[in-house]
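Participant: Each chain sits in its own coordinate frame; assemble them with the hints.
Residues per chain, in single letters:
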Amino acid sequence: MTTPSDTTTNTSLQPYPFHIEPSAVPDFDRRAEKFLAAFAAILDHSNYRFLVELYARVTARCGRCAASCQVYQASSDPRDVPCYRTGLLLDVYRQHLSDSGRWFNRLVSEDSLGSDKIDEMAELFYRCTACRRCSLDCPLGIDHGLIARLGRYVLSEAGIAPKGLVVSVREQLEGPTGNTSAIPLPALLDNLEFLQDEISETKAALVKFPVDQAGAEYIFFPAVSDYLMEADTLMGNAAVLHAAGISWTIGSQYFDGINYGLFYNDWVLERIIQKLVGEAHRLQARKILVGECGHAARSARQFVPAFANGQGLPVVSILELTWQALREGKLRLKKDAVTERVTYHDPCNIARSGWIVDQPRRLLCSFVGDFVEMQPHGRENYCCGGGGGLVSLDETYDFRMRVSGKLKAEQIQASGAQIVATPCANCKKQLRELVAYYKLPVQVVGVHDLVLRAIEL
Amino acid sequence: MPTWMVLAKGPVFLFVLTLALLGLLRLALLTTWDIAAAIRRAGFRQIPYRQVALQTISWLVPFGRLHRNRAGYSLASFGLHLSLLAVSFFLRNHLDILRANTGLTWMPFPKPALDALALAGILAATTMLFHRLYAAGSRRLSTPADYLLLLLILGLFVSGYLAGRAWNPIPYDGLMLFHTLGGMALVALVPFTKIAHCVLFPLIRLGTEAAWHLTPQGGSRVVQSLHGAQGRKL
Ligand code: SF4
Ligand code: SF4
Numbered sequence: 001m002t003t004p005s006d007t008t009t010n011t012s013l014q015p016y017p018f019h020i021e022p023s024a025v026p027d028f029d030r031r032a033e034k035f036l037a038a039f040a041a042i043l044d045h046s047n048y049r050f051l052v053e054l055y056a057r058v059t060a061r062c063g064r065c066a067a068s069c070q071v072y073q074a075s076s077d078p079r080d081v082p083c084y085r086t087g088l089l090l091d092v093y094r095q096h097l098s099d100s101g102r103w104f105n106r107l108v109s110e111d112s113l114g115s116d117k118i119d120e121m122a123e124l125f126y127r128c129t130a131c132r133r134c135s136l137d138c139p140l141g142i143d144h145g146l147i148a149r150l151g152r153y154v155l156s157e158a159g160i161a162p163k164g165l166v167v168s169v170r171e172q173l174e175g176p177t178g179n180t181s182a183i184p185l186p187a188l189l190d191n192l193e194f195l196q197d198e199i200s201e202t203k204a205a206l207v208k209f210p211v212d213q214a215g216a217e218y219i220f221f222p223a224v225s226d227y228l229m230e231a232d233t234l235m236g237n238a239a240v241l242h243a244a245g246i247s248w249t250i251g252s253q254y255f256d257g258i259n260y261g262l263f264y265n266d267w268v269l270e271r272i273i274q275k276l277v278g279e280a281h282r283l284q285a286r287k288i289l290v291g292e293c294g295h296a297a298r299s300a301r302q303f304v305p306a307f308a309n310g311q312g313l314p315v316v317s318i319l320e321l322t323w324q325a326l327r328e329g330k331l332r333l334k335k336d337a338v339t340e341r342v343t344y345h346d347p348c349n350i351a352r353s354g355w356i357v358d359q360p361r362r363l364l365c366s367f368v369g370d371f372v373e374m375q376p377h378g379r380e381n382y383c384c385g386g387g388g389g390l391v392s393l394d395e396t397y398d399f400r401m402r403v404s405g406k407l408k409a410e411q412i413q414a415s416g417a418q419i420v421a422t423p424c425a426n427c428k429k430q431l432r433e434l435v436a437y438y439k440l441p442v443q444v445v446g447v448h449d450l451v452l453r454a455i456e457l
Numbered sequence: 001m002p003t004w005m006v007l008a009k010g011p012v013f014l015f016v017l018t019l020a021l022l023g024l025l026r027l028a029l030l031t032t033w034d035i036a037a038a039i040r041r042a043g044f045r046q047i048p049y050r051q052v053a054l055q056t057i058s059w060l061v062p063f064g065r066l067h068r069n070r071a072g073y074s075l076a077s078f079g080l081h082l083s084l085l086a087v088s089f090f091l092r093n094h095l096d097i098l099r100a101n102t103g104l105t106w107m108p109f110p111k112p113a114l115d116a117l118a119l120a121g122i123l124a125a126t127t128m129l130f131h132r133l134y135a136a137g138s139r140r141l142s143t144p145a146d147y148l149l150l151l152l153i154l155g156l157f158v159s160g161y162l163a164g165r166a167w168n169p170i171p172y173d174g175l176m177l178f179h180t181l182g183g184m185a186l187v188a189l190v191p192f193t194k195i196a197h198c199v200l201f202p203l204i205r206l207g208t209e210a211a212w213h214l215t216p217q218g219g220s221r222v223v224q225s226l227h228g229a230q231g232r233k234l
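Here the protein sequences line up with chains A and B, keeping their order.
So in this note's numbering the end of the first sequence lands on 457, straight run, no missing numbers.
So in this note's numbering the end of the second sequence lands on 234, straight run, no missing numbers.
Note that these hints are calculated values from the structure, not bench results.
Distance condition first, Cα-Cα at most 30 Å in a straight line; then the derived BS3-like pairs of lysine-lysine:
no.	chain 1	residue 1	chain 2	residue 2
1	A	K203	A	K335
2	B	K233	A	K163
3	A	K34	B	K233
4	A	K330	A	K203
5	A	K334	A	K208
6	A	K287	A	K275
7	A	K335	A	K429
8	A	K275	B	K233
9	B	K111	B	K9
10	A	K287	A	K330
11	B	K233	A	K117
12	A	K203	A	K429
Only chain B is shown next, with the shape it has when bound in the complex (with noise of 0.2 Å):
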């Protein structure tokens, strides 16, 4: 068996993806945790669940909002976000490494969609690293680790594309090693970068309704802690 697949079907896999789900656990459960405090602090404690949860779907299912700002980069990002759910998730092969590891498995979708959305999925963070490279105010923002995730999510999708077509240029077995270190890299680091918003999308906007919610007093015990009992002057 190839190295890769070792790697991809033994242990190792096994535990970048428990490390990465437990983590993502990790993090849910302390987000709510925290902001459950929050509201057990404010002074105020209702909060327009409705109105936040309404907001937080229409993120999630964003067509209509997109257009509106920067759309070559808000479909580009929309893009990639759809075909790397897509392709690392109903992918026959993915699948396949899956159901060695855990014995869970579903539904693939059929090869040629999945080819199709895989080169929407270059394009998009194609797009997306010009985007960074020449719109001056997002080269102002971005840090080294946006490009390198970024460059990372690029590789992985050329190379598993290249290594499903006859006409690719390069030994398989090593395309299949990055395309794996690679993957199981991306898997690991999701909890540790901003990719953890794939769980913790649902409570930002919850969060920052419940941070409005003051807590009573709290600037008064901020001052204490600074100045002492004689407090500060205005």
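Isolated chain A (complex conformation) (with noise of 0.2 Å):
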């Protein structure tokens, strides 16, 4: 059996668990000293600084964080404990951009940064999924899924990304369709229309998916992906919307909610965000509406206020859009539609950053028979092992099965249910990896997939 780290493309070019593109880093011997030129970049244009600064000054190397962190729960690899790879950046700070370290290698030493530390940080930077988890168990509060993100940031400013995560953003940002799936216009045209086919049939109403809707009340970005894999969803929301009597449109201009700057780059964060915000101003909406994605709709609701220049809108979840219509009485829902054991996993960008927890338990709880929680759950879910952007790296599969997703396969098993809802395209990429990798008898599906099968229209 092959071990996380034989999944190296061990070539003098790629020596990482993820491809990059050879051309992203023309001298890659120097990939040190551009480590160090980009982080400095980053220190003085952002907000990072003082943060460091202030982590690297108190933590304690207590390693509790460890106990928390599925990936290390799963390898027991030291290398794995949060805290020893927060400490590889935190490292670098002290000794090379701190003003006493500084002085100190002018003064005592001559130490330049090593490639391999390099190295070990674009691995174990790409070991961590971001989940945020171990946060939760460090007396002190240090974020280890911010110093990743941040030691992705200055990896990616140095020329070193997962190729998989870039070619979607340039794609997005740069190519001609506009959308990390690389979905031509028309192509997602003639989906909305079989989309809205297949629901006249199996539910017998006409229910559209509106293009171009100047001044609606909403605008729709799913994670784009979900066009092409995600049917089922999509055919919920658009019931939900539908049968609420909400005005939404999606735009043909931009239509993709997904932003992998949240797990890389700051630049393309900021980018992706403006496209979202230029396309819902285009079309005259007063909110933003994101589909069933963890890290879209936290991208979205974190940073569009940040990034929109005081041109914001709110930014609103499928998730409590469909909780509110239910609760105010406009959506009829099956009682017991759905009676195979369900349960939920929580998607970490919305769970434990974010606002979506009780919303969709309760949404779930109204139609269906029997429901049960996997243990932890909630705020202090395990991730599914994908999150961060890895289950978009098809290299890391070895790992996400047999590491950084195990935990989650075995709280799954051990909730004896039929079916796992969760409301993330990401999630259920690599969730059903996971069940299929693991042989558990299990379906994974997204929330309103479930809410389509109970909704009566």
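Facilitator: Here it is as structure tokens:
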């Protein structure tokens, strides 16, 4: 059996567990120098410097956080202890970029940063799923998710970023289709027509997928991959919006909720947010509605206000909207429509780092006869193992199955559920791969896939 | 007067104490200033202060949390904090030194309670040392400074405890000289080591929250400073 590090692509240019584009790092041997330059520039132009300084000063290195990290729990590799990984970046700061470190280096040692350190960081920052579970258990409140993300940001500005993320972002920001799944507009329109026909066949109702309706209350951004892979989720979304009488639209110029910038780069994050907001303003929508996607919902909710130049719009998740519609009596969901045993997986980005915990549970409990919880759940849930963009990197499959997703597979098995519902494109992909890998008799669906089964139109 | 008492009640201790307090004040002020500046630079300035405060307080009084994860180590760490604070600030002899140096004093804790706490401190520091040495994850994390600090604290507890015992086998003045010098070293180290969390603790979670509030155009400025006006390809 292979070990996680066996997945490394061992060419001199790609010593990492993920592929990078060789052209991104033309002088690969100078990567340490580039890393330092990038780190210095980021500290100069962001809000991270004081935090890095603060963490470097107080971290207790007690190891308590290790017990809450699903990666360390499965691998028992001391390099996976969250504080160890964070310490790598803090050490670079202390030794090369802090005032005292620079003086010390000048006077006492001439320590230069080695490429081996860069390679270790590149490997370890992509073994962390940035789920932030460990920060719950650090007495000091060190946020390793933030540091892993910062480490990835520095790496990416030094040219080291996973090809799987970079290629998608390039298509989204500069490519002809303008979305991460490279879906051309005509194909999207065909797809919407198909979904509309499908609902009218199954539900005998005319549920529209409006495109470019100016002045709608909501402009809708699902993870764009849903248009290819999650027909039931999208039909569930549309059915709810139809039944609740909500005016909404999809934008033809930009219709992708995905924001991989959240995983590795502030510059990318901001540019994607601006596309989202730009399309909302073009269609004079009043609110942004994000589909079933954890990182898309979090990135929009958290960063539209930050990057919209005072032109921000409220950001709402489809989960809170559906729950609100149900509470207001606008939806008819057939009680006990789902008889299988169902459990719910919390996407880290909207549970621990967000605001969606109870809404989907209450929603599900209104029409699921046998609902069970995984332990732990809610804000303390375990990551699916594919967070932080890992699920989009096929080369990390072995690691995701045997290490980062192992605890989640055990949780699912222990719950005895036949269906795992989770409102996130990334979690769904990872969980489907996990249940196949561990041969669990479980179906993985979106929350609105089940709503679609229960809704009466 | 024995040397240790000259040191403890004389200007050397006052100097060390002043240095430590000024160092801590500087750290607290600079960090607060940095956090305020980060919030000012952020594109979105609303901070959930209440939530941050509640989380911070919940770790200040962490009952109900400690047992959930690495219970032995966590309880030892909490015990060490508690006994260190109680013995340092509420032992009559320590308060006498403080009064001699600054004129300040307050009610001491009863001696038997502090003796029990000192023993608890010794047990806690020893547990933490063994944890660092033998728990795989912690050993990898631990630096020489972590061991030295723990050994120093352990040494202070043991010497202080022994000094108060009739059966103490070590010459009293020698023991007290070690205790005094060690105590002064610890006070002097406070602003320069992780013990600085004694004043920075309330600011860490707030700082984390502030750092998540990104600066608009920060990413573009990074690209510009690294690649010039032509920018870089994605
Ligand atoms: S953020 Fe998640 S994966 Fe990363 S170290 Fe913390 S618990 Fe582990
Ligand atoms: S991050 Fe916190 S819990 Fe983890 S080792 Fe460091 S101080 Fe301890």
